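Hey, can you work out the whole structure from these sequences and the hints?
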Amino acid sequence: MEHLVSMKDLTVEEIMLILDRAAIFKRLGFRELPGTYTVCNLFFEPSTRTKTSFEMAERKIGAQIIPFETSFSSTLKGETLYDTIRTLEAIGLDALVIRHPSDGFYEELIDRTNVAIINAGDGSGQHPTQSLLDLFTIQEEFGSFEGLKVLIAGDISHSRVARSNAEALQKLGAEVTFLCPPEWAGEFESVDNWDEVIETSDVVMLLRVQHERHNTEMAYTKAAYHEQYGLTVERAGRMKSEAIIMHPAPVNRDVEIADCLIESPQSRIFKQVENGVYIRAAVLELILKGRK
Amino acid sequence: MEHLVSMKDLTVEEIMLILDRAAIFKRLGFRELPGTYTVCNLFFEPSTRTKTSFEMAERKIGAQIIPFETSFSSTLKGETLYDTIRTLEAIGLDALVIRHPSDGFYEELIDRTNVAIINAGDGSGQHPTQSLLDLFTIQEEFGSFEGLKVLIAGDISHSRVARSNAEALQKLGAEVTFLCPPEWAGEFESVDNWDEVIETSDVVMLLRVQHERHNTEMAYTKAAYHEQYGLTVERAGRMKSEAIIMHPAPVNRDVEIADCLIESPQSRIFKQVENGVYIRAAVLELILKGRK
Amino acid sequence: MEHLVSMKDLTVEEIMLILDRAAIFKRLGFRELPGTYTVCNLFFEPSTRTKTSFEMAERKIGAQIIPFETSFSSTLKGETLYDTIRTLEAIGLDALVIRHPSDGFYEELIDRTNVAIINAGDGSGQHPTQSLLDLFTIQEEFGSFEGLKVLIAGDISHSRVARSNAEALQKLGAEVTFLCPPEWAGEFESVDNWDEVIETSDVVMLLRVQHERHNTEMAYTKAAYHEQYGLTVERAGRMKSEAIIMHPAPVNRDVEIADCLIESPQSRIFKQVENGVYIRAAVLELILKGRK
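Chains as they are written, first to last, in this note's numbering: chain R, 323 to 614; chain P, 323 to 614; chain H, 323 to 614.
It is worth saying that the hints were derived from the structure and are not from the lab. Predicted, not measured: the structure shown is a model, and the values here were computed from it. Even glycine gets a Cβ: it sits at the ideal position worked out from N, Cα and C. Misleading hints may appear alongside valid ones.
[Unchecked claim] Pairwise CB distance ranges, derived in the manner of DEER restraints:
#1 R:Glu462 with P:Asn436: 18 to 28 Å
#2 H:Gly465 with R:Tyr404: 27 to 37 Å
#3 H:Gly508 with P:Ser393: 50 to 60 Å
#4 R:Gly612 with H:Gly426: 47 to 57 Å
#5 H:Leu350 with P:Glu324: 48 to 58 Å
#6 P:Val334 with H:Pro356: 41 to 51 Å
#7 R:Gly400 with P:Gln532: 33 to 43 Å
[To be verified] List of simulated lysine to aspartate or glutamate pairs, EDC-like, C-alpha gap at most 16 Å:
#8 R:Lys593 with P:Glu411
#9 P:Lys593 with H:Glu411
#10 H:Lys593 with R:Glu411
#11 R:Lys611 with R:Glu367
#12 H:Lys471 with H:Asp524
Written out as structure tokens, the structure is:
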């Protein structure tokens, strides 16, 4: 694996290889790579957990990390992303972890550089390491994916997570259902009523309402959204006892999910964050070891 | 010691333990901790010396450091401080060094997380490592605190340093007097005239005039403040020969203190900065070693 | 060598020493310094390649690096550069790499601090490591400088590169010619026509049009500038077959240089970036080894 830009490019075998490696790191501890590899994290959009998680994973596998302040770089002098990437390649970087607001930003890069590109979120497109950590968390819980009923609820059309996850889960044998306001479904088929699905789902995966990506006034107040499309305490009470709640975070408390459910026994929200470090270490190891 | 959020929580024994350890680092060199500990510095207000000093101390004791740009994090997406801290805990951080504009920001955190919190300044509240480095600098000079006359002069009510220091110095047996414009004294008793105190003080500890925290027009021009409440050359000439000048910096030259006194033989201003690294290394070591 | 602030201060012997050391690093790999040295990069102007290049070089020689966000430091509270530098010295820094918008910012510093200062670009003044990496790239190509014809074309008066390079190249025996719009020549003698020089130059060194430093409307559209003063495909075709094209980057594509020439066989633009890491490692090693 040379780059990781989209879940679409991963075979089932590659996905399982990454999940297995993450599980080994979690059980036996991280291992530093032999040799020195240098990595740079370029985040052109704000992020806490994804960036910090990569920073941790990079240290755990012993990579050297070059800092890069996107808010203070030559992109301010009008430099193109391609020129920035070629420059970092010339400086000697092995891998670049990039979050960028443009869908598919990586397409003009991957065939024109020798540095490895890891997509940490592109616009409303893909976010493959988030998807992999979600899979890892589900696998940890249920052992396998075959026949699992996964409900993805929320702002589907603006979500890179929905897109990445749906593809991967279906590849692995799970049944995915979307729930959202009809006008937010985009290209996806969806239901808009919890009653049909809450009692049969094994995984209730909530998405963030991306206030910052809705250009127009939201059609719903927070309370109205929560009432109609959020995971309320009442709905959570109708979940199967072994079903779990997931959310990529940051959470809008009492919008997508009732405040008191975030750290409830069925929630895996902070477990997902923890698992992200193992997954990213596994991805980085796989890509960096392939280079030399 | 699990957290360090306020000088109020420290016993005299704990204070002396930290000062002793700092003195050993200064005399014999730093020592790296056995094991790997990961630390993150979250500065929600600008800082040069405190942040840089922590960064240096963390490296000296061999901690792994995860960078965190507060100006480019999910707090921009409305994430609460509690959620950010829980996220960093899930990612695997051992300790968080936090500067935050809200007084007592740590109160909602310390009983709800397992990550250690070190307060690097909260609003107008506490700044315990600054206080400890001040104590270390005074101890280095005079050997003990018993009966020392310490004058704290300046913007008392907005100063976390004044608050932290006063409590600790009195605990250790020193006599603390405040000098400031009456309207800046806040809850403290104060004098407003140098004549009563300049000739008898052992330590003249100046505070920054915090232009950025005074919402209204300052009642004094810089020159008028200097003339009435600053340490002028004339006043410095009346100090006891063995007395010392301190200031937490950054200094407003010719406001709190005459420009030419900053690096004068009686000034310990840059010595304080140097001592800060030893104190912070001692605090971090104490807290991190307590974790495993 | 205690500081590196200007090419003017370097003897021919010192220049050759640095180029030789960079060549050894390139051929045999980097070597870590014995002992621990701590370095801080203070960039008061945006930069990608210079800052990232220093960050890489510092890691390659095994220095400890203290991060410093200029956009979030006490300079916002009005602290002077001198006080910031003295503070970093007190904290224990060995060397500071500084980019600053003021010409000659280092003059008030170098005799008043013990920390080593490396100038990474001062206003329209000097940029000695860029100059050294240009020399290294030319030396790698031609073996020596004696009698080489070097054309420097572009925004001469605002360019720290032009100034640094011209001085050094002439010291080493090269002939330097400037080409630019007459009103941009500043103190330099220049030609304003490619015909006289394109067929005889060994090195065509282009400079960035610094849109951000021209206060008034540019007198040229981009197309007009390219047509009259840029390296067009037609002009490149008239270059000697062994001549090379250089540019400090970031490049304004189709302004200083035709887009398709940037990665052409005669271009050394990304080679320059690569060479920068070797040069900066050599400079840092030389300065840091001199400290203990």
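Does the hinted range 41 to 51 Å hold for valine 334 (chain P) and proline 356 (chain H) at CB? holds (43 Å)
May I ask you to test the hint 33 to 43 Å on the CB atoms belonging to glycine 400 (chain R) and glutamine 532 (chain P)? holds (39 Å)
Take a look at whether the Cβ-Cβ distance between glutamate 462 (chain R) and asparagine 436 (chain P) falls inside 18 to 28 Å. Given range 18 to 28 Å: holds, Cβ gap about 21 Å.
For the pair we were handed, lysine 593 (chain P) and glutamate 411 (chain H), check the Cα-Cα distance against 16 Å. holds (11 Å)
Holds or violated: lysine 593 (chain R) to glutamate 411 (chain P), with C-alpha atoms at most 16 Å apart: holds (11 Å)
For the pair supplied as a hint, lysine 593 (chain H) and glutamate 411 (chain R), is the alpha-carbon distance within the 16 Å limit? Status holds; Cα separation ~11 Å.
Distance restraint hint 27 to 37 Å, applied to the beta-carbon atoms of glycine 465 (chain H) and tyrosine 404 (chain R): Taking Cβ atoms as reference, glycine 465 (chain H) and tyrosine 404 (chain R) lie about 33 Å apart, which means the hint holds.
16 Å limit on alpha-carbon distance, applied to hinted pair lysine 471 (chain H) and aspartate 524 (chain H): holds (5 Å)
Range hint 48 to 58 Å: satisfied by the CB atoms of leucine 350 (chain H) and glutamate 324 (chain P)? Cβ of leucine 350 (chain H) to Cβ of glutamate 324 (chain P): about 50 Å, so the range 48 to 58 Å holds.
If you check the beta carbons of glycine 508 (chain H) and serine 393 (chain P), does the distance land in 50 to 60 Å? violated (37 Å)
For glycine 612 (chain R) and glycine 426 (chain H), compare the CB-CB distance with the range 47 to 57 Å and indicate the outcome. holds (48 Å)
Taking only the CA atoms, is the gap from lysine 611 (chain R) to glutamate 367 (chain R) under or equal to 16 Å? Cα-Cα ~28 Å, so violated.
Going through the hint list in order, the structure does not satisfy hints 3, 11.
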